[in-house]
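**Q** All chains should be modelled from the sequences, with the hints used to inform the complete structure.
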Amino acid sequence: MDKEHKGVDSLLLSDLIEVWETNSLTLRTIEHLTMFGIAIVLASIIGVFLGLFLYSRPKIAHPMLNLLNLVETIPDIPLLVLLLPIFGLGKEPTIVASVLYSLLPITRNTYTGLKEVDLKYVDIARAMGLSEKDILFKVRIPLSLPMIVGGLRIALVFTMGVVTLGGLIAAGGLGAALIAGIQLYKINTILVVGFWTGLLAVIFDGLAGMIEKRLQRRYGIW
Amino acid sequence: MPSKRLFDRIDSIQLRGVTKKYDDRFAINDVSIDIEGGELVIFIGPSGSGKTTTLRMINRLIEPDSGTILINDQNVMELEPVALRRNIGYVIQSIGLFPHMTIAENIGLVAKLEGWNEKKIKDRVKYLLDFVSLPSEMFMDRYPHQLSGGQQQRVGLARALLMDPPLLLMDEPFGALDPILRKQLQEEFYQIREKLGKTIIFVTHDIEEAFKLGDRIAIMDDAKLVQIGTAEELIFHPVNEMVASIVDSGKKFKHLDTLKIKDLISPLECMYVHDGSLDIESAISSMIEKNIEIAVVSNGSGPLGIVKLIDLLRMEDKDSKIADHVVEIPSFSRNELLSSSLKIMQKNGHSMAFVMTDEKLSGFLFPNDAFSQVIG
Chain H
1 MDKEHKGVDS
11 LLLSDLIEVW
21 ETNSLTLRTI
31 EHLTMFGIAI
41 VLASIIGVFL
51 GLFLYSRPKI
61 AHPMLNLLNL
71 VETIPDIPLL
81 VLLLPIFGLG
91 KEPTIVASVL
101 YSLLPITRNT
111 YTGLKEVDLK
121 YVDIARAMGL
131 SEKDILFKVR
141 IPLSLPMIVG
151 GLRIALVFTM
161 GVVTLGGLIA
171 AGGLGAALIA
181 GIQLYKINTI
191 LVVGFWTGLL
201 AVIFDGLAGM
211 IEKRLQRRYG
221 IW
Chain E
1 MPSKRLFDRI
11 DSIQLRGVTK
21 KYDDRFAIND
31 VSIDIEGGEL
41 VIFIGPSGSG
51 KTTTLRMINR
61 LIEPDSGTIL
71 INDQNVMELE
81 PVALRRNIGY
91 VIQSIGLFPH
101 MTIAENIGLV
111 AKLEGWNEKK
121 IKDRVKYLLD
131 FVSLPSEMFM
141 DRYPHQLSGG
151 QQQRVGLARA
161 LLMDPPLLLM
171 DEPFGALDPI
181 LRKQLQEEFY
191 QIREKLGKTI
201 IFVTHDIEEA
211 FKLGDRIAIM
221 DDAKLVQIGT
231 AEELIFHPVN
241 EMVASIVDSG
251 KKFKHLDTLK
261 IKDLISPLEC
271 MYVHDGSLDI
281 ESAISSMIEK
291 NIEIAVVSNG
301 SGPLGIVKLI
311 DLLRMEDKDS
321 KIADHVVEIP
331 SFSRNELLSS
341 SLKIMQKNGH
351 SMAFVMTDEK
361 LSGFLFPNDA
371 FSQVIG
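Residue numbers (our numbering), protein chains in the order written: chain H, 1 to 222; chain E, 1 to 376.
Don't read these hints as lab results, they were simulated from the structure. As the structure is a computational prediction, the values presented were derived from the model and not from experiment. Hints may contain errors.
The calculated SDA-like cross-link candidates involving lysine to any residue, where the alpha carbons are at most 25 Å apart (straight line), are [said to hold, decoys possible]:
no. : chain 1 : residue 1 : chain 2 : residue 2
1   : E       : Lys262    : E       : Asp279
2   : H       : Lys213    : H       : Leu119
3   : H       : Lys133    : E       : Trp116
4   : H       : Lys213    : E       : Pro99
5   : E       : Lys112    : H       : Lys59
6   : E       : Lys4      : H       : Phe137
7   : H       : Lys133    : E       : Leu6
8   : H       : Lys115    : E       : Arg60
9   : H       : Lys133    : E       : Ala104
10  : H       : Lys59     : E       : Asp23
11  : H       : Lys133    : E       : Lys4
12  : H       : Lys120    : E       : Val82
13  : E       : Lys360    : E       : Arg334
Some chain H residues well away from chain E (every beta-carbon gap over 12 Å; in silico) [unchecked claim]:
no. : residue
14  : Leu13
15  : Trp20
16  : Leu42
17  : Pro58
18  : Met128
19  : Leu200
Here are a few chain H residues that face chain E, going by a calculated C-beta distance under 7 Å [as the list claims (entries may be wrong)]:
no. : residue
20  : Pro142
21  : Trp196
22  : Tyr219
Note that the Cβ used here is the ideal one computed from N, Cα and C, for glycine as well.
**A** Right, dumping it as structure tokens:
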């Protein structure tokens, strides 16, 4: 019994190392996180600016958010396929698809956050002699931060999923290892890569969640 | 970018036929008032009578449809709004401290926008916090939600004083505080007002507050200015029934000789009572949690005296018992005559006293408050 138990342990560990090495998972992870990072940075920059822009043009806010909503409803594999004619195979369409999915939560949360800042803060800021620009940068944006980070958090989870799917269209990353495992029907590979990808998603979500909570606590929202 | 100092002192504020309409309802209707420099004018009236609208027109938060507002003969509509507002302090009931900034950042915000250097801002913030009786080293780096309501309102005042504006606009600044804390802050405000030497326009719905703090009182009703005058003028020569009924609460205590303490008692709520064996640390957290700034220290059989939150915060030895730091205050029976009790308190320089009913503590007596109620 004891011996058998030990056998399972060492089997697991050696399998893990073997799967990790034959699939060069260190390299795959780096590829994966690079795509993930680029997508998130791009989506954050575009999303926050788009949110700010919509806030300054309330008339087009609704149509624009509806459009982003529409993008959001396209299932991920068809979206990747739709992007192929434009961007070809590989990393680019994967990153573009991730950004497209992440735009809605970040833009929407930025826009809503700016719009729903408690008016008493805007009023007192104006009364103290802050210009409209100062009010935006010193009051509205900082007070929307918890909400913006909330949007970013949703985007992180989407992006982790899309980047993994990128394996289907030769984007590399952990998705490539997972697809290889599925095609060759290697249970160990599927389990290890699947678990590792899931763990990464949980870690990033947890980090973003911590930032969100910290902001909320600092602002006394909780 | 530094903005222009528009006025070093206020010589006069004049409203000339100022009117503001929302749809077809008048928010204020043809209001004309002359305010002298250094005056504290109180606007009072029912809600919706136009007192806050009038206040907010002076710093252009609301702009009139017709009529003019002149500060030192300059039309406010011709002044740049940001510069105008930086020359006018503004305090409101909801305080509106920014939750994402520390207390020091909240107070110093406009100075930073004006391009002051860090050291100058810090010195000014420290000075202002001490001025409103908050130990600066303890409060600078805290966030607003860590402060009690009374402390937040002090910070609100400090923030309004940052640029040393010659004019202060205050919109029910003590309105959200519980009655005893409100009286305490009114008392302090009354005392620092002399030091401030500013022109102040103050909105309230509390006639006692108006009598206590105001040089002149402007009574508004239904978007119009009904009467403006000193407390005596309003009490003795009210222009109509409405004015008479508003000032009535001050009038009913005409005969000081017959008044007893019980007529002017501020009732005690049990949250104020703290046991003398409590250590300072726990007393501080209890007071902050209850949003009170003074506590009655009791030893089980009766009150020993009071402790003030401000003093407790300054104590070095946070483990010692609050009973050792009690400030004794006089106590009177509720059936004693007010006049003799007030004389005793005045002689000894006490600003508050306990009122006892059958040997048990039942409330407080604030002499300044009492005086303001008997001026009729």
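**Q** What are the numbers of the hints the structure violates, in ascending order?
**A** When the structure is compared with the hints, numbers 1, 5, 18 and 21 turn out to be violated.
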